[in-house]
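Knowing the structure of chain A, use the given hints to seat chain B on it.
Given next are the chains, with one letter for each unit.
Protein chains: 2
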Amino acid sequence: MQKKSLIIFLVLASIHCHAQQSDSIMIRKIYDEALTNSKCYNWLDFLSNRIGGRLSGSSQAAEAVNYVQMELTKLNVDDVSLQEVMVPHWVRGPKEQAWIISNTQKTAVSICALGSSIATPKEGLIAEVVEVSNWEEMENLGSELIRGKIVFMNHPMKPTYVNTFEAYGEAAKFRYSTASKAAALGAKGVVVRSMTMAMDNNPHAGAMGYDELIDKIPACAISTLGAERLSGILKKDKKAQFGFIMSPQTLPDTLSHNVIGEIVGTEFPKEVILIGGHLDAWDLGDGAHDDGAGVVQAMEVLHILKSLNVKPKRTIRFVAFMNEENGGKGGEKYAQSAKSDKRKTIAAIESDAGGFSPRGFSFKGDSLMILKAMSWKKMFEPYLLFDWRKGYGGADINHLHDQGTLLIGFMPDSQRYFDLHHAATDTFDKVNKRELELGAAAMASLAWLLSEYGVK
Amino acid sequence: MQKKSLIIFLVLASIHCHAQQSDSIMIRKIYDEALTNSKCYNWLDFLSNRIGGRLSGSSQAAEAVNYVQMELTKLNVDDVSLQEVMVPHWVRGPKEQAWIISNTQKTAVSICALGSSIATPKEGLIAEVVEVSNWEEMENLGSELIRGKIVFMNHPMKPTYVNTFEAYGEAAKFRYSTASKAAALGAKGVVVRSMTMAMDNNPHAGAMGYDELIDKIPACAISTLGAERLSGILKKDKKAQFGFIMSPQTLPDTLSHNVIGEIVGTEFPKEVILIGGHLDAWDLGDGAHDDGAGVVQAMEVLHILKSLNVKPKRTIRFVAFMNEENGGKGGEKYAQSAKSDKRKTIAAIESDAGGFSPRGFSFKGDSLMILKAMSWKKMFEPYLLFDWRKGYGGADINHLHDQGTLLIGFMPDSQRYFDLHHAATDTFDKVNKRELELGAAAMASLAWLLSEYGVK
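Just so you know, the protein sequences line up as chains A and B, in that order.
When you line the first sequence up against the working numbering, it's residues 594 to 1049, in that order.
When you line the second sequence up against the working numbering, it's residues 594 to 1049, in that order.
Derived by calculation from the structure, the hints in this document are not laboratory data.
Among the clues, some could well be false.
Distance condition first, Cα-Cα at most 30 Å in a straight line; then the derived BS3-like pairs of lysine-lysine [claimed, not checked]:
#	chain 1	residue 1	chain 2	residue 2
1	B	Lys957	A	Lys970
2	A	Lys970	B	Lys971
3	A	Lys751	B	Lys971
4	A	Lys632	A	Lys828
5	A	Lys957	B	Lys970
6	B	Lys971	A	Lys828
Computed beta-carbon distance windows for the label pairs [claimed, not checked]:
#	chain 1	residue 1	chain 2	residue 2	range
7	B	Arg982	A	Pro687	51 to 57 Å
8	B	Leu901	A	Arg982	26 to 32 Å
9	A	Gly825	B	Leu901	26 to 32 Å
10	A	Glu729	B	Lys971	35 to 41 Å
11	B	Lys971	A	Lys831	46 to 52 Å
12	B	Trp728	A	Met663	45 to 51 Å
13	B	Glu732	A	Leu818	40 to 46 Å
14	B	Pro862	A	Arg982	38 to 44 Å
15	A	Arg982	B	Tyr1046	27 to 33 Å
16	A	Glu925	B	Asn630	40 to 46 Å
17	A	Glu656	B	Thr843	53 to 59 Å
18	A	Lys983	B	Asp625	23 to 29 Å
19	B	Leu901	A	Tyr1046	44 to 50 Å
20	B	Arg982	A	Gln690	20 to 26 Å
Quantities reported herein were computed from a predicted structural model and do not represent experimental measurements.
A virtual CB, placed ideally from N, CA and C, is assigned to each residue, including glycine.
With the rest of the complex left out, here is chain A (with noise of 0.2 Å):
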C-alpha cells in the first residue's frame, strides 16, 4: 500500500512537474512572439498621435472604438462586437487661464479644470484664498473663514510610498471631493494641487464629483510648481488673491462602446477570462500610458495567441471599457450584462497602470483562487515578473467583484507613472516598446493559463 502510494505520488509529480515544464515553454514562446512580432507599439502609435486624447462623447473616443473594432476583425478572432453604453460628455472649452494677485502683481499660473467641474462666470472668478492641505484643516477653519472665498487644497503626495499608487491613493479624494466640502463652507472656487510629484509646469486633470444636495462651484487642478508659487506668495501676502477663468460644460449623456473580442474555448467555452484596458482618455495629453498601453497590451494578447495558433480551453475574451476616467460607465455595463449571460467571467486581467517594466500582478477574489493563481509564479521569474500580491484589481473589472471573479490587476514599475498621468506629457514618446510588449506577453501568459487551468 504504501508501495503503491509512491507510486501514485511520483506519477503525479511527474505528470505536474512535465505541465509546468511544458508551460514554460508556452510562456517562452508568448514573450518570444510578444518581443520579435508584436503589433500593440504601432497601434498605440495609431491611438496615441493620430486619435489622441478620447474623452467619453468625444469625437475621438467614438474613433477609438472604430479603430479598436477594425484592428481587432483584422486579427481575425472568433468574435468582434460593440456593447452599447450611456457615457457623460464633459468638453473642457478653450484653455484654462490663472493667476495669482499680490499688490497690483499678477503672475500667470497653469492650471485646468477639473472634469465635471462647471464653468467660472464668464469674466473669470477672482477671490481670496485659504490654503490647506487637508479637508479637518479647512473644516477646523469653518465657513467664518472660508465663505466667499477660494479654498486652495495643497495636499502633495507623499514621497516616502514606494509603490506610487499608494501616495495617489491617499491623496487623490481630495481631488474628488474637496469642491464639495468646501462649497458647503461657503467657498467659491477650488484650487487643488495636482496629483503628482514632478516638480513642473503641468496641471493634471481627473475627474471631480459634486454632493448633489450642495452648491455646484468651479474646481481645478494647478501645476505642482504653480501650487509652490501659490503657497510661497501667500506666506508673504495673506490677502492675495486667486483668479481663474474657465469654461467646460457638461451636454447630454451620449451613446458610446465597450469593444469586446475573443477566441473561444474549445473545453469550456462558457468560461470566460477578461482582458481588458480603458479606451477614453483625459484630453490635454494624447493618454498613451493611460490608458492606450493598457487596451494594446490586451489586443496584443489575442495577437499573440492567434499567431501561435493557440487553442485555449476557455474563452479569451478582450474588453477595451469606455468611460473609466469619468464615470466608470462601461466597467459597469459589463458586469451588468455579465450577470445575465450564460458564461461566465471566471478572471479578469486590467492592465491600467501604464505601459512601464513589468514588476508582477495583484489578486482580489477567492483565496483559493488566488493561492492557485500565485503558484504559477515561479514559471514568470525569468521574466522578472516577482511581484505576486494580493490587492488591487483595477476600476473597470471590479464591478465584477461580487459575481464570484478572480480580479487580476497588472502591475508595471510604477515610478514615472504620476509624472505624467492625465497631463499633457502622457504621451506615445513616454512609452517604450519593449516595457510595452514584456507586459503583453505577461498578460498573455497569466491568460493562457487561466484558460488552460481555470481558477478552481
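Frame of chain A; chain B shown alone:
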C-alpha cells in the same frame, strides 16, 4: 539539556528577530531620507548639464574630478582624496560623416568613430561593402572577398532576452574586435551596427581595440536605421559603396584621478565596504545614465549616512572610478593599491547599469559570503527589490575579485538602458528623480548592513 537547547534557540532567535526588526527600521529611515532630502538628482544635473560628456583625458573629466571632490568635502566625511591614475586620451575630432553610394545616388547616414579607432584618410575612405552578421560568416568569405573592402558587421542585439544586458553581452564583442579580425582578411575599414534595440538615427559609441600584430583600420558605429538602410541597399546593389570621414586621434596618456571619500568604521575601520560608479563618460551625450547616475548614487550613500548621523562599524568608502569606458585604468589602479593597503576591501557595490528603477543585486564571490548577503533579501522586498542572484559585480570592482572581495552589482531595470547607452540620447532628462533616489537608498541599505555585519 533539551530544554536548555530550546531556551538558547529561543534567545538566539529573539536576538536575530530583534536585529532584523531594528535593521528594517534603519532601512526605512534610509529610504525616507533618500526620497525626501537627497542631493543626487542635483549633483547629476551639474555633472550632466554643466560638465557633460567626460571622456578620460578631457577637460570635462578633470572638471568632474574637481566637482566630485568638492561636493564630497562639503559632506564632511572623514577623508576625501584623489588617487592618481594615467589614462588613455582619445579624442573624436569633428563630427563624422558617412554616406552610401549606389548608382550615383548618395544617402547620408549617421555614424560615430568607435573609441580608440584611427582616423580615415583626410579625404575619407570609400570602398565596396561586405555585409556579415558574425565572425564565422566573415571568415567563411575569406580574404579573397574581403580584401580592399569595408566590412559591415550587422549583428542586431537579440530582442528575446528579457534582461537587455544579456543581449549586449553577446553583441558587444563585435564592436570591440571586428576591426582587427577584418583587417587580418585585408579589409580597409569596419562599420558596426550600433549596440541598441532602438530603431533610430543615433549611432552608439563604445570601445574597440586593435590587435597589435595587425594593421589598424578605421572603425565606426552606424545607427540602427542607417544599418537597415545600408543592408537594404546592398540587397539590391551588391556594388554599393560606403564612404566615411572621421579624424579621431590618440594623444599621449594623461594624468587623471579616482575620487575617494570615506566614513571610517567605528569598530572595524580596516574592513572597507566600497560603493562606486565611474566618472568618465562617452562624449556624444552627457553621460547621465552611464554613469553619472552611479557616481551620484554612491555619493548619496555617504550623504544619507551623514544626514542620519549613522556611525558605521566598518569603513564605507566611496570611489568614483576614472576610465571605465576605454581602458579600465581607474579600477585597475584601485585594486593594485588595495593589495598593499593594510585595510581590506571586503565588499564592493558598483552601480553602472543606469539610474533606472531598482530591481535587485547580483553577487560574485565566495559562496558563503553570497549566502549571508542574500539572507537580507526579505528586508528589501518592501522596497520592491526582489531580484537577488549570483552574477556580475561590475567592470571597475571586478579587479578586486582575486583579493576575495564580495562583488555586488546594483541592478536597475534594464529595458531602456541600451536605447541611450553611449549615444547622444544619454542625457539628464532621461533620468527619473525617484528612480535615481531609490537606487541610492538600495545601495545605502546594503552598504549599511555590510558595515554592521561584515561578509563572514
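Here is what the structure says about each hint:
no.: 1; hint: Lys957/B <-> Lys970/A; verdict: holds, 26 Å
no.: 2; hint: Lys970/A <-> Lys971/B; verdict: holds, 17 Å
no.: 3; hint: Lys751/A <-> Lys971/B; verdict: holds, 24 Å
no.: 4; hint: Lys632/A <-> Lys828/A; verdict: violated, 53 Å
no.: 5; hint: Lys957/A <-> Lys970/B; verdict: holds, 26 Å
no.: 6; hint: Lys971/B <-> Lys828/A; verdict: violated, 45 Å
no.: 7; hint: Arg982/B <-> Pro687/A: 51 to 57 Å; verdict: holds, 55 Å
no.: 8; hint: Leu901/B <-> Arg982/A: 26 to 32 Å; verdict: holds, 29 Å
no.: 9; hint: Gly825/A <-> Leu901/B: 26 to 32 Å; verdict: holds, 29 Å
no.: 10; hint: Glu729/A <-> Lys971/B: 35 to 41 Å; verdict: holds, 37 Å
no.: 11; hint: Lys971/B <-> Lys831/A: 46 to 52 Å; verdict: holds, 50 Å
no.: 12; hint: Trp728/B <-> Met663/A: 45 to 51 Å; verdict: holds, 46 Å
no.: 13; hint: Glu732/B <-> Leu818/A: 40 to 46 Å; verdict: violated, 60 Å
no.: 14; hint: Pro862/B <-> Arg982/A: 38 to 44 Å; verdict: holds, 42 Å
no.: 15; hint: Arg982/A <-> Tyr1046/B: 27 to 33 Å; verdict: holds, 28 Å
no.: 16; hint: Glu925/A <-> Asn630/B: 40 to 46 Å; verdict: holds, 44 Å
no.: 17; hint: Glu656/A <-> Thr843/B: 53 to 59 Å; verdict: holds, 57 Å
no.: 18; hint: Lys983/A <-> Asp625/B: 23 to 29 Å; verdict: holds, 25 Å
no.: 19; hint: Leu901/B <-> Tyr1046/A: 44 to 50 Å; verdict: holds, 49 Å
no.: 20; hint: Arg982/B <-> Gln690/A: 20 to 26 Å; verdict: violated, 54 Å
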